Amino acid sequence: MPLLPEPIEALLETALVSELTVLDSRDRPVTHPLIPLYDGELIYLTSSVLFSKKLEHIKGNSRVSLSISDPNAVQVERFARATIQGDATVDDSDLHSGWEERVLPLWRKKEPVIDMFLGKRVALPLFFERAIIEMRPRRAFLWEDGRTDRPPQVFELVEAVR
Amino acid sequence: MKPSPELLRGLPDRFEHAVIAFVDADGYPLSVATGFRVDERGVVVLDAVAGDEVQPPEGEEVNVVFSHIRPQPGVGYDERRYVSLWGELRRSNGHLELASRREQHWDEEEMTFFELSERGVPQARRYFEQVSSETGRDVRPRLSLGWLFLRTTRLPFLSATFVPVLLGIAVAALHDSFSWWLAAITLVAAACVHLALNVANDIFDTLSGADEANVNPTQFSGGSRVILYGLVRLRSMVLLSLGLYAVGIGIGIALAATRGWSLLWVGVAGALISVFYTAPPLRLVHRGLGEIAVGLGFGPIMTLGAYFVLAREYALEPLLVSLPVGILIALILYVNEVPDRPGDAAAGKRTLPVRLSKEGVIRGYELAVAVTFALIAVFAVSGLIVRPAIIALAALVLALPVRRALRESYENPYALMPAMGKNIQLHLVTGLLLVAGYVTAIIADAVSDDPPSFLS
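From first to last, the protein sequence lines are chains A and B.
Quick note on numbering that gives the first Met the number 0: the first sequence kicks off at 0 and runs consecutively.
Quick note on numbering that gives the first Met the number 0: the second sequence kicks off at 0 and runs consecutively.
By construction, these hints were calculated from the structure, which means they are not laboratory data.
All figures in this text were calculated on a predicted structure; none of them were measured in a lab.
For glycine and all other residues, C-beta sits at the position ideal for the given N, C-alpha and C.
Some hints could be false.
Lysine-lysine pairs mimicking BS3-like chemistry, simulated, CA-CA at most 27 Å apart [as the list claims (entries may be wrong)]:
hint	chain 1	residue 1	chain 2	residue 2
1	A	Lys109	A	Lys52
2	B	Lys1	A	Lys52
3	A	Lys52	A	Lys119
4	A	Lys109	A	Lys119
5	A	Lys119	A	Lys108
6	A	Lys119	B	Lys421
If we take Cβ atoms under 7 Å as the criterion, some of the chain A residues that face chain B in the derived model are [stated by the list, open to error]:
hint	residue
7	Leu15
8	Leu22
9	Arg27
10	Phe50
11	Ser61
12	Arg62
13	Ser64
14	Val121
15	Leu125
16	Asp148
17	Pro151
A short list of chain B residues far from chain A (calculated; beta carbon distances all over 12 Å) [what the hints assert, rightly or not]:
hint	residue
18	Val37
19	His174
20	Ala268
21	Gly363
22	Ala369
23	Leu395
24	Val438
Build the full structure now, drawing on both the sequences and the hints.
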């Protein structure tokens with residue numbers, strides 16, 4: 000299993016927002032702000048069916064990248080920026096409650112208010128019909144101090160999937 | 000959509016950095032953060048990034064994203080906004096200039112998350128169809144049965160039925176006509192017809208496209224949306240509505256057979272108003288008659304019907320006491336229709352808020368409230384209804400925040416929500432205080448052969 004460098008893991012564990020880039024049916028990049036969730040091995044994101052275009056794109060092309068770029072949205076001792084490339088799969092086998100079992104505990108740590116919203120599921124039923132995006136990192140870039148005017152450190156995590 | 004000059008020029012004030020996303024040599028997307036400015040021509044100028052592996056390409060479409068949130072420690076975050084631009088990059092003076100061709104953006108201060116979500120409903124439906132097709136099984140959104148029933152029938156709105164029925168029962172009880180079981184069964188019948196009406200209303204609003212056109216539903220307006228969301232099938236809704244009508248009307252016929260066939264006058268009128276509120280060919284709500292229909296149905300008809308079941312006759316007093324309640328229930332619909340205006344207009348529902356200007360709607364509200372409480376005062380003081388019912392005037396204070404919110408938040412459905420709640424309270428509290436007035440009179444009557452005039 001690929002192991003992300005520690006500074007990138009620290010970013011993933013605290014970031015409240017990241018930018019997930021997927022490729023559309025014409026291989027054009029499309030970027031979505033999303034909360035990144037990390038269990039020490041894989042990166043997870045979750046998407047409501049209301050905003051499920053990205054899920055269709057991932058099903059069409061599994062190649063994705065995820066950036067953590069906003070200094071206001073992370074709490075680490077020393078700010079850094081990171082981009083992780085990888086292959087993603089969509090788990091929509093149980094849109095109603097699959098995400099509650101797999102990613103809600105991670106989500107709750109970053110956005111405790113989600114439990115309050117989940118308690119009002121009757122008011123937002125489609126928002127809580129959600130797929131899980133599971134991302135397996137293959138390469139990572141790290142910019143210390145967030146300075147992208149300097150070359151990044153590059154981490155090859157697995158052989159490229161062709 | 001091509002980005003407007005205003006959108007581009009506003010970027011530096013709203014965002015602190017940009018992220019350039021492109022496709023790298025391996026065919027993977029790659030995204031790199033950088034600084035930016037917008038020059039005097041309105042062109043986004045991005046700071047160059049270092050490193051051969053992360054160089055954005057020239058002459059190919061890239062996606063440049065500006066994203067912002069404000070963390071709220073221990074809670075989550077707010078101030079969500081993003082702008083996504085697509086176009087080609089060109090190197091110039093050590094920077095990257097973006098020729099923006101199209102954009103997508105969202106700012107929760109401009110469009111609430113609820114509206115954004117509502118606009119995503121067609122995509123959600125497509126996704127469910129796609130997953131169903133991929134898996135070969137019918138995949139649909141779900142809610143627990145209890146929540147689904149509550150949402151489908153709009154159960155909390157039953158207070159609109161309980162108030163006029165309790166009032167009819169209270170007036171009958173004052174005149175020595177009371178039976179617990181008749182009162183209970185009358186409430187059940189009226190509740191069934193009300194819930195059947197709610198479900199039928201959703202069916203016709205879905206079929207007419209009114210629900211789909213309304214992207215600003217609130218907990219008080221915009222219908223249950225269970226068909227639109229795919230939570231309940233149209234066929235199930237039809238069966239539910241018919242079932243509830245059957246129970247309500249069945250009880251009504253049984254009551255008419257045992258208490259007097261004259262009950263059918265109000266029973267048939269109520270059922271017809273209920274059905275043709277949204278059903279063709281009358282579609283009362285589409286003709287600007289919805290408010291009057293609801294006022295009659297949940298005012299005089301329910302109160303007179305309940306009174307008749309117990310007293311076996313009609314009388315002037317229950318009719319008079321039902322008028323304020325009827326006006327206030329019509330005002331619930333009237334205010335709840337304010338945020339529904341765009342969707343209703345698109346679907347051809349010519350409700351009063353669709354027809355009237357903002358000033359006209361507010362004036363109409365003020366006039367209706369003034370008439371309501373004037374009626375209560377005149378009827379109570381003159382003894383046409385019991386004098387203790389004058390305590391219902393205390394509820395007038397609840398109309399003030401509704402009036403204020405209509406003035407200040409007319410165009411903002413979600414800011415109007417508390418006022419819609421307060422307006423429902425206005426009906427409920429006024430109605431219950433009228434009932435309390437009757438209960439006071441009943442008690443005074445029971446404990447004294449000659450109660451003082453202010454208690455009768």
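Hint by hint, here is what the structure shows:
1. A:Lys109 with A:Lys52: Within the cut-off at roughly 24 Å; holds.
2. B:Lys1 with A:Lys52: Holds, at roughly 20 Å.
3. A:Lys52 with A:Lys119: 25 Å, holds
4. A:Lys109 with A:Lys119: 19 Å, holds
5. A:Lys119 with A:Lys108: 19 Å, holds
6. A:Lys119 with B:Lys421: Given that 27 Å is the threshold and the Cα spacing comes to 20 Å, the pair holds.
7. Leu15: It holds, given that the least Cβ distance between A:Leu15 and chain B is near 5 Å, below 7 Å.
8. Leu22: Holds, because the Cβ-Cβ distance from A:Leu22 to chain B comes to roughly 6 Å (cut-off 7 Å).
9. Arg27: 5 Å, holds
10. Phe50: With a closest approach of 6 Å, the A:Phe50 hint holds.
11. Ser61: 10 Å, violated
12. Arg62: Given a least distance of 5 Å, the restraint on A:Arg62 holds.
13. Ser64: Holds. Min distance 4 Å.
14. Val121: 4 Å, holds
15. Leu125: 5 Å, holds
16. Asp148: 5 Å, holds
17. Pro151: At about 5 Å, which falls below the 7 Å cut-off, the nearest Cβ of chain B leaves the hint on A:Pro151 intact, so it holds.
18. Val37: 19 Å, holds
19. His174: 42 Å, holds
20. Ala268: Holds, because the least Cβ-Cβ distance between B:Ala268 and chain A comes to about 34 Å, which exceeds 12 Å.
21. Gly363: 29 Å, holds
22. Ala369: 34 Å, holds
23. Leu395: 31 Å, holds
24. Val438: 34 Å, holds
In the structure shown, a violation is registered for the earlier hint numbered 11 alone.
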